[in-house]
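> With the hints as a guide, dock the two chains, each given alone in a separate frame, to form the complex.
What follows is the residue order along each chain.
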Amino acid sequence: MKNMNKFFRKKVSILLIGLICLAAFILGLGSLELSAQKKKQEKPTTFLNKKSRVKFGEEISSLSQANLLSKIKIINQPETKRLVKNYSSEKLIVKFKPEISAQSTENILRAYQPKSFRLIPRINVYVMQVAEGTTVEETLAALRSNPDVLYAEPDYKLRLCTTPNDQLFRYQYALYNPGGVLQIPGSPTGKARADIKITGTWDYGKGDPNVLIAVLDTGVDYTHPDLANKVISTGRDFVNNDYDAFDDHWHGTHVAGIIAAETNNSEGIAGVAWNCRILPGKVISADGEGDYSWLIDALIWAADYTSGQAKVQVINMSLGGTEPSQALEEALKYAYNKGIVLVAAAGNHSAPEDPTFVLYPAAYDQYCLAVGASDYNDQIADFSNYGTQLDVAAPGVWVLSTYPVSQTEPGYLPYAFASGTSMAAPHVAGFAALIKSAKPWLTPADIVKIIKYTPDDVNSTEYPGKDDYAGYGRINTERAVIPYKITKK
Amino acid sequence: MLSPSIRAKRTGCRVPAVLLFILLVAFSGQVLLAQSSSESKTTWELGLTADLFNRGIKWDDKSSTLKSLNLLLEARAKNLGGFFDLNVFAGLGNTNLNGITFGHLPITLDYEGGSISGIIFGLGIDKTFFTTSSFNFGLMADFASYIGFKKTFVLEGFIYPGEAQTEPDWAQASGGIFVLYDGLEKVQPFLQIAASKLWGTFKMTEKIEDLTGDETKDLKDAGLLSITLGWNISLSEKICLIPRARVYLGSKTALGGGISFFYAF
Chain A
6 MKNMNKFFRK
16 KVSILLIGLI
26 CLAAFILGLG
36 SLELSAQKKK
46 QEKPTTFLNK
56 KSRVKFGEEI
66 SSLSQANLLS
76 KIKIINQPET
86 KRLVKNYSSE
96 KLIVKFKPEI
106 SAQSTENILR
116 AYQPKSFRLI
126 PRINVYVMQV
136 AEGTTVEETL
146 AALRSNPDVL
156 YAEPDYKLRL
166 CTTPNDQLFR
176 YQYALYNPGG
186 VLQIPGSPTG
196 KARADIKITG
206 TWDYGKGDPN
216 VLIAVLDTGV
226 DYTHPDLANK
236 VISTGRDFVN
246 NDYDAFDDHW
256 HGTHVAGIIA
266 AETNNSEGIA
276 GVAWNCRILP
286 GKVISADGEG
296 DYSWLIDALI
306 WAADYTSGQA
316 KVQVINMSLG
326 GTEPSQALEE
336 ALKYAYNKGI
346 VLVAAAGNHS
356 APEDPTFVLY
366 PAAYDQYCLA
376 VGASDYNDQI
386 ADFSNYGTQL
396 DVAAPGVWVL
406 STYPVSQTEP
416 GYLPYAFASG
426 TSMAAPHVAG
436 FAALIKSAKP
446 WLTPADIVKI
456 IKYTPDDVNS
466 TEYPGKDDYA
476 GYGRINTERA
486 VIPYKITKK
Chain B
3 MLSPSIRAKR
13 TGCRVPAVLL
23 FILLVAFSGQ
33 VLLAQSSSES
43 KTTWELGLTA
53 DLFNRGIKWD
63 DKSSTLKSLN
73 LLLEARAKNL
83 GGFFDLNVFA
93 GLGNTNLNGI
103 TFGHLPITLD
113 YEGGSISGII
123 FGLGIDKTFF
133 TTSSFNFGLM
143 ADFASYIGFK
153 KTFVLEGFIY
163 PGEAQTEPDW
173 AQASGGIFVL
183 YDGLEKVQPF
193 LQIAASKLWG
203 TFKMTEKIED
213 LTGDETKDLK
223 DAGLLSITLG
233 WNISLSEKIC
243 LIPRARVYLG
253 SKTALGGGIS
263 FFYAF
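Residue numbers (my numbering), protein chains in the order written: chain A, 6 to 494; chain B, 3 to 267.
Pulled out of the complex, with its shape left as it was, chain B reads as follows (with noise of 0.2 Å):
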């Protein structure tokens, strides 16, 4: 979790969630020195992944759904120093916040432009702490971060054409449980229950000639807890496929969900 003072800080949640990120990277960093002089043996993977991401989100007194589709390269370390896996991931997000209506502008703007592309980063971590013949049970945290990119739309029917302008960012942060159920070969089919917060803003900047104004809207998330099912599946030596559903609980329940590549190396 991000800290208060980190909180109230920041106009949008851009430089916390690059400091951490930036933190978080540095710390993984200092474990890697500390697995060189371990004994454990560390597993390395790049992957793919494709995520829709959906969730329930508030703001003001009203809700709606936060829907982004990620393309993510990421890097894996499994057992990294003898201790947890790590998974750093960057990519492309599409985020969507369809419904979300600017009141505070001259002309209320309501936004139902669709998809504004950004950047997405972010990392996770699991431990595993307990195992059975057939079942591991485990710690889990991530942190991921969209920074959007400025989307103009031209307004029309005014006097003067007049355009307004998009600049959408948002983390989460989420931590929780998992088991891992390891009696296949081939297959390890998993359960996460973790508990999830998202926070984020949406500027919309309006110009009419010599109207302007902009509105910030602080986003929150609509519900705490998340629920995936997914299963590691192993297509050959090197190759893993990770397909996942995942629920989003809460005021506004949402459904989504992605696939993974993993090549080891």
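Excised from the complex, chain A in its bound form (with noise of 0.2 Å):
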């Protein structure tokens, strides 16, 4: 009996043991999946900001009213000035070689009695006019027997990268396409998702405001009520030598709109990079010409520009010249040691008689982003200029963005449609601004190459890979921003 009994309780004892570890290993296993299926639920099932959703749906239907629709200004620009000569018949760049004291160097110019000169900075370049009675060519070709000149090259033309155009969309498709028939005159077909995919981006980021994106374009309407409360100053002009770089022309204040346009404020549009700030400086004039010498100014200015914590991280170069510059390609190479990612457009030609190739700075591939343009429909702009330089695409054939109110005819809102590689450039700078406010650690080298490596490659079944039209491809920056989930595969 007594056997009988240990028997039993030792039965007992073993099944309840039994069943606890049993139980205690189905809870923890419990515990596991219930744990995977939480992380699921928490994860957004939509790339959609809600938010920014309605208010871009608020947008899309306000503007989709016949009466708004036809307040929207249609770009109608004249034609791609051609130029005669591309560079100033009045200045040339110099430098001379480092052992030259400044002294000496001063006197060496005098010397060619020139009506002016003056020295950028950082990078020791004269910008220098040449004497009464006397040409660019005569003096280049002195100094280039100098052995004391280092190099001597003309002061070349730049010019902006727009095309003409005569059509509206109603769509800021840029930030979000939603595919289909676009309800707009024309009803163009859009692709679906042919957008840098902003809208799940800005869940993990909209930029930080002491991030400062240097816009070195025609200057900014800094009154336009999607800019006022984003642009840090009224900047810096160039062209005509004083610290108020209003636009004067229309575009630069449109492209700022697609970098920083103050975004959820119940009216105009969305800028990519929300929170981030311009800085605007004016290197075009009114009539959407400028010299190399203004840009390479803006660009030490730019790079050495602070106000409290904002420094500028980013700059926007929607401009181009046919000719190399080592004067530029140095102040490049300046800005770009400072830390800061430069983005250029890769130029349009809307002409036979238009060079192709990437245009300067863009081509500059060591310090500068080159951007081509892409459409609706992820197709690569014909005018888009192309060549082993380019770096990405990005939305250029009618993008909506700010316009001057000063240069709005009555009856219209201050917005336009433009198109070009120009309007494509902003796209990346907000881009890399957005980068750089969610991590300010990482320096110019590897936020290119996260932009470089992250794209949709939209001409793969014809060019895959890098290629010489869409360089790697149309930005994606959701694939850049939004964590990458590593899975058991």
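Honestly, the hints are just simulated from the structure, not real lab data.
By construction, the Cβ of each residue, glycine as well, lies at the ideal position given by its N, Cα and C atoms.
Incorrect hints may have been included.
Now the stretches of chain B that chain A is said to cover, found in silico as 3 or more residues with beta-carbon under 8 Å [to be verified]: (1) 101–109; (2) 112–121; (3) 155–163; (4) 205–216.
Structure follows, in structure tokens:
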């Protein structure tokens, strides 16, 4: 009996222990499963920021009203000005060998009897107005034969990278392209999500106000309701040599709006980098032309600019020239070495005589991200310049953005549609600013690589991988910013 | 507990963990020598343990659960030197650190890659200091260290295929009290309450063409208290079975457990 009792106790104990172990094991596995399910539920099921989407939808629906549509300007630009001479007839750029002292260089310069000359600091380059009765070519020849001169070059002309247009689109398809027939006259069909995938990206960051994007362009209308709170200062006008970079063209205002128009403010458009701010630098005159020397000056100024905690982290250059320039390259290097991401438009060829190669500064591959233009179907725009230096593409056909209030005709809204690689580059500049805002420790080289390695290869059927027409592809901000989930294979 | 200097020096917890392990084994060797002259009888046992180790952990200002399925070979000396019980173990650990996000990498990586194999080793000491007719009261301490093997994952969807490589390690040191009920003939239930410290690192390396970065997350426990409930079951004179359930309390409570077979010789 005693043995029976012992045997029974032993059996019951073992059974009890087994049951407890089993329960503990199942509970452990259950908690593992529950945890996995919970994680799945926590992840957003859609990339759309609901609030942004609603806001965006409201904007779209308001724009879709016929009475408002008719109030948005379609920029009917004149043909891109053909440059008979692609450099200044009065100025040139010269740099002396490093061993020549500042006093000596100025004495040498005076020997050429210039009307004036000035030093661009940091890179020790002089911009010189040639003597009365002397041509730039003659002075250049004389300087180049001087053994103390490191290099002398013409002060080349810059031009804006826009193309004419005569159509209107109702969407900022560049930011969110719903696809299908666009409800505008002409009813073009857009490809769904042929955009920069920014709506999902905004869930992870909308930019830092201390991250400044310098817009080196025609200036910016800093009184525009969608820009007034986004422009950090009146900037610097290198054309008229003052501290008021007000836009007397329209181009810079349009570019600034694409980058960082005030968003979620119940009016106007959304910018790529919601919370980042704009620093305007005017390097292109009212007639749409600028000199390399103005751009060089502006690059140095922007690179050195600080205001409290705010610092220029990205420079957008929706402009270009056909000629290389050592001084321009030095200025780019200076800015790049100060930790700034440099973004430039590849250029447009809208006529057979236009160059199709990537313009300068975009062609300086070591320092600049060269941006081409794509459209609402992820096709590369036929005007977009191409070449080995082209890095990425971004929407640049019929892009809606801000337009100077002072130039807005009565009855119109201060917004306009425009096309060009000029409109593509600011999408990339805004993207770079978002990355820098989220990860301030990244170097410009890192940010450039992130932008280059994360696009959608939109022309992979014809040209798989990197090619001369789309570069690495149309930018995809989500792939760069939204965390990549490493999963068990 | 590891000294601050040891803690500060580690890049992972590998070097001090191995050192501590070697020191403790050396110490137990000294005890063994002392035991040879002792009159007390030591029982030697070999065992096999399967353990589901679940513990809440913190990294940055976030928390998740470290899960590790461990298969261990154990050697146990009971009444070593007439003084205490010593348990040394080593084996394979499969640690799962899902839920950790590496936000400092150029492309942020969210780890959901499951278990990472590695080696796990350690030792434990029990000392009974007070006995009644049915209860034994005592102190316990143990230390375990896991060193994960490198595991590589392919990063897809980028212009160039990339890869991510993981390298986890962790260690845990515990100390506490136990009470064992000795009133049953073949079964001895026991309860163990311990303060337990966990620390470790999880290193992630990212490479997409020439875009590279690495980030190491410091891991620590989400709570110090653990409670273990178990049973020593004598299946025969030489074979013993020990199932146990364990809960780690804290901001992220986790339940685990295991089962061990021991053979005495």
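> Output the indices of the hints that this structure fails to meet, ascending.
none
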